[in-house]
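Chemist: Sequence:
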Amino acid sequence: MISKQKIKDIHALKLKKNRDRSGLFVGEGPKVVGELLQTFDCAYIASTKEWLSENEHLLNNNINGQNNNIICDTLSAAELSRASLMETPQQVIGIFHKKAQTLPPHDILHTKLCLALDTVQDPGNIGTILRLARWFGIDNIVCSPNCVDIYSPKVVQATMGALGKVSIGYISLPEFLNSIPKDVPVYGTFLDGDNIYQSNLATHGIIVMGNEGNGISKDVACHINHRLYIPPYPAGAPAIESLNVGVATAIVCAEFRRRQAAIVTK
1 MISKQKIKDI
11 HALKLKKNRD
21 RSGLFVGEGP
31 KVVGELLQTF
41 DCAYIASTKE
51 WLSENEHLLN
61 NNINGQNNNI
71 ICDTLSAAEL
81 SRASLMETPQ
91 QVIGIFHKKA
101 QTLPPHDILH
111 TKLCLALDTV
121 QDPGNIGTIL
131 RLARWFGIDN
141 IVCSPNCVDI
151 YSPKVVQATM
161 GALGKVSIGY
171 ISLPEFLNSI
181 PKDVPVYGTF
191 LDGDNIYQSN
201 LATHGIIVMG
211 NEGNGISKDV
221 ACHINHRLYI
231 PPYPAGAPAI
241 ESLNVGVATA
251 IVCAEFRRRQ
261 AAIVTK
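Using this note's numbering, the first residue of the sequence shown is number 1, and each one after it goes up by one.
The hints are simulated quantities; they were obtained by calculation from the structure and are not laboratory data. The reader is advised that the hints may include incorrect statements.
The calculated lysine-lysine pairs, modelled on BS3-like cross-linking and capped at a C-alpha distance of 27 Å, are [what the hints assert, rightly or not]: (1) K112 with K218; (2) K17 with K49; (3) K154 with K6; (4) K17 with K6; (5) K6 with K31; (6) K49 with K112; (7) K8 with K31.
Label pairs and their computed distance ranges (CB to CB) [said to hold, decoys possible]: (8) E87 with K182: 48 to 56 Å; (9) N60 with G213: 44 to 52 Å; (10) A221 with C72: 48 to 56 Å; (11) S53 with H106: 45 to 53 Å; (12) K165 with N195: 29 to 37 Å; (13) A12 with M160: 18 to 26 Å; (14) K99 with G213: 16 to 24 Å; (15) I71 with P181: 43 to 51 Å; (16) D73 with K182: 51 to 59 Å; (17) G169 with H11: 23 to 31 Å.
Quick caveat: nothing in here was measured; it's all calculated off a predicted structure. Ideal placement from N, C-alpha and C gives every residue a C-beta, glycine not left out.
Could you build all of it, start to finish, from the sequences and the hints given here?
Modeler: Set out below in structure tokens:
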């Protein structure tokens with residue numbers, strides 16, 4: 001059974017101000033909660049009896065090392081529906097402690113790739129990009145202050161558990177880019193950039209991806225020293241104005257990693 005106050009507490013975490021004040025966020029569903037239990041400290045679980053009986057080992061293996069710190073309530077289907085933030089509840093709701101934000105150390109930028117997001121505001125896009133970062137072995141993401149909150153319920157669900165497997169920090173991108181060593185390559189996608197398939201791509205540096213409607217802002221663009229373009233196929237064919245930022249991120253990251261793999265196999 002779950003109390004009315006606990007349901008109220010869960011729903012309060014839909015708002016960023018409440019997540020910021022409490023340091024907590026919500027994840028739902030077996031896949032998401034199962035992944036988050038491996039990377040975040042869990043404060044509370046509300047689930048069906050079936051989920052709890054099948055997944056008690058996940059609570060024992062939570063990163064705090066002991067499940068007696070995790071309050072658990074078993075819910076009926078009706079209670080789960082009232083507590084859930086989703087249109088279709090999925091067996092389990094978890095409340096987790098947020099992690100401290102981190103920015104990539106400057107020395108990492110000489111050896112690894114980092115993503116920087118300039119006012120990406122769609123939760124689905126941010127979630128997709130976090131999953132892509134994990135897939136392509138990119139451990140650090142820098143977000144501008146106007147990016148959507150990574151702990152928004154919609155973002156958490158869209159990441160499918162990748163949220164805890166990359167390091168994320170929010171900072172003014174012009175400030176961040178101005179602070180890094182001058183020899184770090186900074187890439188960005190533009191409609192007037194150089195063909196990505198014909199450009200020299202390093203195995204390290206920063207890849208900047210822009211806003212869904214406006215692309216990379218002028219204040220950020222002036223710090224980019226490698227302007228890239230993803231051409232349509234065939235060359236010269238009519239194309240839509242631009243690609244979805246999640247799709248564009250996938251293409252760019254895949255090309256960087258393809259080049260890196262080609263260097264390794266030579």
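Chemist: If a hint holds in the structure, say so; if it doesn't, say that too.
Modeler: Here is how each hint holds up against the structure:
1. In summary, the hint linking K112 to K218 is supported, as the alpha carbons are separated by about 25 Å, within the 27 Å threshold.
2. At roughly 32 Å between alpha-carbon atoms, K17 and K49 are farther apart than 27 Å, so this suggested pair is violated.
3. The hinted pair formed by K154 and K6 meets the criterion: a straight-line CA distance of about 20 Å does not exceed 27 Å.
4. Between the alpha carbons of K17 and K6 the distance comes to roughly 18 Å, so the proposed pair stays at or under 27 Å and holds.
5. Between the alpha carbons of K6 and K31 the distance comes to roughly 23 Å, so the proposed pair stays at or under 27 Å and holds.
6. The hinted pair formed by K49 and K112 fails the criterion: a straight-line CA distance of about 44 Å is larger than 27 Å.
7. Note on K8 and K31: the hinted pairing holds, with a Cα-Cα distance of about 24 Å set against a maximum of 27 Å.
8. Checking the proposed 48 to 56 Å range against E87 and K182 shows it holds: the Cβ atoms sit about 49 Å from each other.
9. With their beta carbons about 46 Å apart, N60 and G213 fall inside the hinted range of 44 to 52 Å.
10. At about 50 Å, the beta-carbon gap between A221 and C72 stays in the expected band of 48 to 56 Å.
11. The hinted range of 45 to 53 Å is satisfied by S53 and H106, whose Cβ atoms lie roughly 49 Å apart.
12. Range check, K165 to N195: Cβ separation about 32 Å, and the 29 to 37 Å hint holds.
13. For the pair A12 and M160, the supplied restraint of 18 to 26 Å holds, since their beta-carbon distance comes to about 24 Å.
14. As the Cβ distance of K99 to G213 is approximately 30 Å, the hint placing it in 16 to 24 Å is violated.
15. Between I71 and P181 the CB atoms are about 47 Å apart, so this pair conforms to the stated range of 43 to 51 Å.
16. At roughly 55 Å, the beta-carbon separation of D73 and K182 lies within the given 51 to 59 Å, and the hint holds.
17. The hinted window of 23 to 31 Å between G169 and H11 holds, with their beta carbons roughly 28 Å apart.
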